[in-house]
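Q: If you want the building blocks of each chain, they are given just below.
2 protein chains.
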Amino acid sequence: MSEKDLSTEEKIKEAARIVFTKKGFAATRTRDIAEEAGINLALLNYYFRSKEKLFHQVIMEKVQQIFGVLFPIINNESLDLETKVELIVENYISLLLENPDLPIFVFSELRNNPQLFEGRVNAHLIGESSLMKQLQEKKPDIHPVQFILSLFGLTVFPFMARPMMTVTKMAATDAEFRALLEQRKKLVPKWIKLILESD
Amino acid sequence: MSEKDLSTEEKIKEAARIVFTKKGFAATRTRDIAEEAGINLALLNYYFRSKEKLFHQVIMEKVQQIFGVLFPIINNESLDLETKVELIVENYISLLLENPDLPIFVFSELRNNPQLFEGRVNAHLIGESSLMKQLQEKKPDIHPVQFILSLFGLTVFPFMARPMMTVTKMAATDAEFRALLEQRKKLVPKWIKLILESD
DNA sequence: GTCTATAACCTGATAGAC
DNA sequence: GTCTATCAGGTTATAGAC
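Chain order of the listed sequences is A and B. Under the working numbering, the first residue of the first sequence is numbered 243, with each subsequent residue one higher. Under the working numbering, the first residue of the second sequence is numbered 243, with each subsequent residue one higher.
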């Protein structure tokens, strides 16, 4: 599907996704989005009313995209803990490889604007999830939050550290980075398993 | 040392540290810094010439603060791998507990502005470090970058996820968060050890 | 060194022609 | 729906008095 096939509205939103995720809300100028979309500034306001409304739409769709991948796994009663971990890591890394700027974007905007998510992210949805119950059963001595932080730390952190890895030449090229993350799809579940089976 | 004891220059810089780390460069207005410092806008330019120059000074000092803590450990030839890991985790978590906004700040500004660090962070300083040599010897089958990503992912990620933890009530209060991270000082080295001793 | 006032510039948003 | 031109408001930086 070439750029020409998209409606103007979708062209603007796609441009907004790119620019907002790359630079953040405050550093993005509506002019940048217009230019990226190949349209003019007035059209942005014609379709989306304001920079803020456009931003809100973009980030919410991104958050839902993430939860859309993770939730069905976390709450699937027919998967055991180990399989859940494998699927979460595999699918989340795949998603992030297509959206590498997403983690820094979401976390830094959430810092500036916590009320964005207030009410939308229900504590029970995580605390009462199938994953949590299985964890409690398998390893009651690990604080569930410590487990979650580790699982996602191991999975997400490389994307946040990406700019640092480029500068330090730890993963200078895109191909190197992708290779590392592909390898990590197997490593992280293996390591998590070590943690779960330790005493 | 009360606020009154600080020179005007230092008051401005301290205010800049607070506001910049909390909101990022683009979202920060020089007026916010002036107000936080209890001085007037013109003085900021009198002392630091521009918003950009002040920012540059602040972020560089923060980065050096981090490396100042980590480098002596990473390159201490007389510490074995396990002890290095313990000290890195312990000291880094302590530092970040005093500067919880630092990780999001540094990583998101680095994304917007990678040239900030070009030339300053030498790839050899990490690749040729004592830590890396020990790792290579102890566990040649782990890619060193995978190890580093895991060590720092486990250590730093909780600070980046802090706003998310607040919203989801995983760690609603400051005290809860601190307790989790204090506990983590022991957990992370234990888990890293599991990884290093696995096959 | 510190202040007030203001210049110079930039950005989001809109008016109005087509 | 799409464009150009422009407004209104806000931001950085400086001039000039004290």
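One or more hints might be untrue.
Identical copies carry no separate label here, and so any pair may be met within one copy or between two of them.
[Stated by the list, open to error] Keeping only pairs whose Cα atoms sit at most 20 Å apart, straight-line, the calculated PhoX-like set for lysine-lysine is:
1. K293 with K265
2. K380 with K432
3. K375 with K411
4. K432 with K381
5. K381 with K264
6. K435 with K375
7. K435 with K381
8. K265 with K253
9. K264 with K295
10. K375 with K428
The set of hints was computed from the structure by calculation and includes no laboratory data.
Q: Give a verdict on every hint.
A: Results for each hint:
| no. | hint | result |
| --- | --- | --- |
| 1 | K293 with K265 | both (14 Å within a copy, 18 Å between copies) |
| 2 | K380 with K432 | both (16 Å within a copy, 19 Å between copies) |
| 3 | K375 with K411 | between (41 Å within a copy, 17 Å between copies) |
| 4 | K432 with K381 | both (16 Å within a copy, 16 Å between copies) |
| 5 | K381 with K264 | neither (39 Å within a copy, 36 Å between copies) |
| 6 | K435 with K375 | within (17 Å within a copy, 27 Å between copies) |
| 7 | K435 with K381 | both (11 Å within a copy, 19 Å between copies) |
| 8 | K265 with K253 | within (18 Å within a copy, 29 Å between copies) |
| 9 | K264 with K295 | within (18 Å within a copy, 23 Å between copies) |
| 10 | K375 with K428 | neither (24 Å within a copy, 24 Å between copies) |
Hints 5 and 10 from the list above are not met by this structure, while the remaining hints are.
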